[in-house]
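Engineer: Residue numbers (this note's numbering), protein chains in the order written: chain A, 1 to 211; chain B, 1001 to 1211.
For the record, the hints were derived by calculation from the structure and aren't laboratory data. Backbone N, C-alpha and C fix where the C-beta goes; we use that ideal spot for every residue, glycine too. Be careful, since some hints might not be right.
To be verified - Quick list of simulated restraints, FRET-style, between CB atoms:
| no. | chain 1 | residue 1 | chain 2 | residue 2 | range |
| --- | --- | --- | --- | --- | --- |
| 1 | B | 1114 | A | 2 | 34 to 44 angstroms |
| 2 | B | 1124 | A | 18 | 40 to 50 angstroms |
| 3 | A | 70 | B | 1070 | 38 to 48 angstroms |
There are 2 protein chains.
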Amino acid sequence: MKRGQRERILAAAAELLAERGIARIGRREVATATDLPARTVSEIGPTRSDLLRVVVESLPFPPISEALQQQAQQPSVPAMQALLTAAREVLGSPAAAWDTREIQALALARYDPALGAVVQHRLDQRRAALTEVVRQLRGSGAVDDTIDDDAAALHLLAVGLGLSVIAGASTDWNAPSGWTGLSARLLESLAAVELPTAAPAAAVSTWRARV
Amino acid sequence: MKRGQRERILAAAAELLAERGIARIGRREVATATDLPARTVSEIGPTRSDLLRVVVESLPFPPISEALQQQAQQPSVPAMQALLTAAREVLGSPAAAWDTREIQALALARYDPALGAVVQHRLDQRRAALTEVVRQLRGSGAVDDTIDDDAAALHLLAVGLGLSVIAGASTDWNAPSGWTGLSARLLESLAAVELPTAAPAAAVSTWRARV
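All chains, full assembly: derive it from the sequences and hints.
Structural biologist: This is the structure in structure tokens:
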């Protein structure tokens, strides 16, 4: 394969998968878009599932997820603030939390072990970051002993993903106005008692006050 | 189209979509499976997205969802018990809460308006049922005035869906042991005060006691 061809194929497949979805693209569509022969596209991925895999493999994490992964590695704000910010951003723009190509890959992971491995690795990274942020929250006294880090992280991951899938499939997506208050309340409920030190930053105090 | 052909095509498409996924089936595979010509399959749905649509359109709701829809129409148990039962069932078998074909349809709804309409209608039914069960919960005093019915229902819908998608894409799905306790805690947090009348049935009291 000539230099640059791989990049052209990946870019075209990424765009087609975002615009038409996997049901409507294959190596022929990618070949047409890149002006390359179908057999050259096949060297990257002979099936549409392969094309989805190579695209998702090189997909950056969305900014909301990047921010949580950075917070996990090197906390820059109180953990409660990081989670409330993420919750608000997911609600405002659920599609921004999970790329439509990653959602397609999740829906099809079970049918293709190679695709499944890529998806699993990305899920693990997101989940590990959330588990670490929950651990930070615990460090500030904001998580009761009876709450399990793993369960809380999985809950947060599931809510964000579910919301993104629902919003992406809804023509009339409107975030319920009461959602931010609910999210704050649910996060607060992780704590057994009033939070001793995890007072929110000024930026989030207005909608904490609503609950 | 001859009598019975439509049913044969639908049954074959339903099975192939569940076993191979939409990336790997089309009218040719359905034609082979049914021993009918591809053009007869095309009368039902010329594209793979059409095949997915007709299959999902006639898909029954999973038992967990049916039970919640019945609870919404005619409450047979306290609402808190209905929700905790659903939460426990989703966790034990997340794939049972959302059929893999419905998840594929959700992931591709944005690319096909006809598929999108089917998916939206089913989402609306699930969400309306959950909103009604939250309303029942409120009637028993278990939901604080500051919590919005819509937001709470969407949260419950999103958690179940997100969990099903994650579990379906995970080769090593294991429910975290702390999940049921967390779910009970989160449901309880919807109430401003101790629940006056929504005492759980004996069947769920053991894991409420864990939180």
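Engineer: If a hint holds in the structure, say so; if it doesn't, say that too.
Structural biologist: Cross-check of the supplied hints:
The hint said 34 to 44 angstroms for the Cβ distance between residue 1114 of chain B and residue 2 of chain A, and at roughly 41 angstroms that hint holds. Checked against the hint of 40 to 50 angstroms, the C-beta distance between residue 1124 of chain B and residue 18 of chain A comes to roughly 26 angstroms, which is inconsistent with it. Separation of residue 70 of chain A from residue 1070 of chain B is about 46 angstroms and conforms to the stated range, judged on CB atoms against 38 to 48 angstroms.
In this structure, the one hint that does not hold is number 2.
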